[in-house]
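> Heads up: the sequence shown begins at 1285 in our numbering, then just goes up one per residue.
To be clear, the hints were calculated from the coordinates, so they are not data collected in a lab.
Glycine included, every Cβ here is placed at the ideal spot set by N, Cα and C.
Each hint should be verified, as a subset may be incorrect.
To be verified - Pairs of lysine-lysine, DSBU-like flavour, derived with a Cα cap of 35 Å: (1) Lys1329 <-> Lys1381; (2) Lys1378 <-> Lys1287; (3) Lys1307 <-> Lys1291; (4) Lys1287 <-> Lys1454.
Said to hold, decoys possible - If you anchor each label on the Cβ, the simulated ranges turn out as follows: (5) Val1424 <-> Lys1382: 36 to 46 Å; (6) Ile1456 <-> Ser1396: 15 to 25 Å; (7) Val1397 <-> Ile1456: 11 to 21 Å; (8) Glu1300 <-> Ser1392: 14 to 24 Å; (9) Ile1456 <-> Lys1382: 16 to 26 Å; (10) Ser1325 <-> Glu1300: 10 to 20 Å.
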Amino acid sequence: MNKIITKSIQDILSGEVLLFVLKITFASLIVTALFVWIFGSFLSKFITTYLSWIPWEWLQTTGASVATMAIAYMLFIVVISVVTSLMVEPLLIKLAKKHYPKVPVVGSPNISVSVMLSIKAALIFLLLFLFTFPLIFIPVVGQVWMLWLWSIILKVPTAYDVSSLFISDKKIIKEKTKKSTYIAMIASLFNYVPVLNIFAPVFAQILFLHYILRDA
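Kindly generate the complete structure, drawing on both the sequences and the hints.
So this is what it looks like as structure tokens:
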């Protein structure tokens, strides 16, 4: 695993990957801004109503601004994960040819399936986040829980995107993605730093690439 992480870090610091990250960040910021602009008033009312259900008075009085910032931040993370999933294929193929020249490209992710998996993962994440929001205020437990929640956004869509390019046998895919939660959680560590969070989805894709093709 150490070699996989080292390779992934080297890749993510390359000019090609950094340029890709800038592109998806710009696109994601536009999409997120448009969403907030269109649904901003609804989100504000929703947060107010949502907090009224929480039994902790201190969280009701101080939680509005925290919840607003948290939801906006989570929305950006979801958007950049989906955008990355849709745009990352050419980058993965280039990296695979660089590190694993003997591995052929055997397929391509179905866009509709990729979008569906990303949206499904995002909805599961948002629902769990909203229902367990008070947990994030518990030291250590909250941080680990949040890391696991973030991994939901990356786990299934990323495993699908990468495996669809290089593996056609579903049994092999299942075997190769056994530790997908662990890998997604490693990539999700970037989300704890507001600027570095733009690297999380791409880092996850690269981690999965090296993990799946590690024996090639």
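> It remains to establish, for every hint, whether it holds in the given structure.
Quick rundown of the hints versus the structure:
no. : hint                            : in the structure
1   : Lys1329 <-> Lys1381             : violated, 50 Å
2   : Lys1378 <-> Lys1287             : holds, 19 Å
3   : Lys1307 <-> Lys1291             : holds, 22 Å
4   : Lys1287 <-> Lys1454             : holds, 26 Å
5   : Val1424 <-> Lys1382: 36 to 46 Å : holds, 39 Å
6   : Ile1456 <-> Ser1396: 15 to 25 Å : holds, 23 Å
7   : Val1397 <-> Ile1456: 11 to 21 Å : holds, 18 Å
8   : Glu1300 <-> Ser1392: 14 to 24 Å : holds, 20 Å
9   : Ile1456 <-> Lys1382: 16 to 26 Å : holds, 22 Å
10  : Ser1325 <-> Glu1300: 10 to 20 Å : violated, 41 Å
Of the numbered hints listed earlier, those contradicted by the structure are 1, 10.
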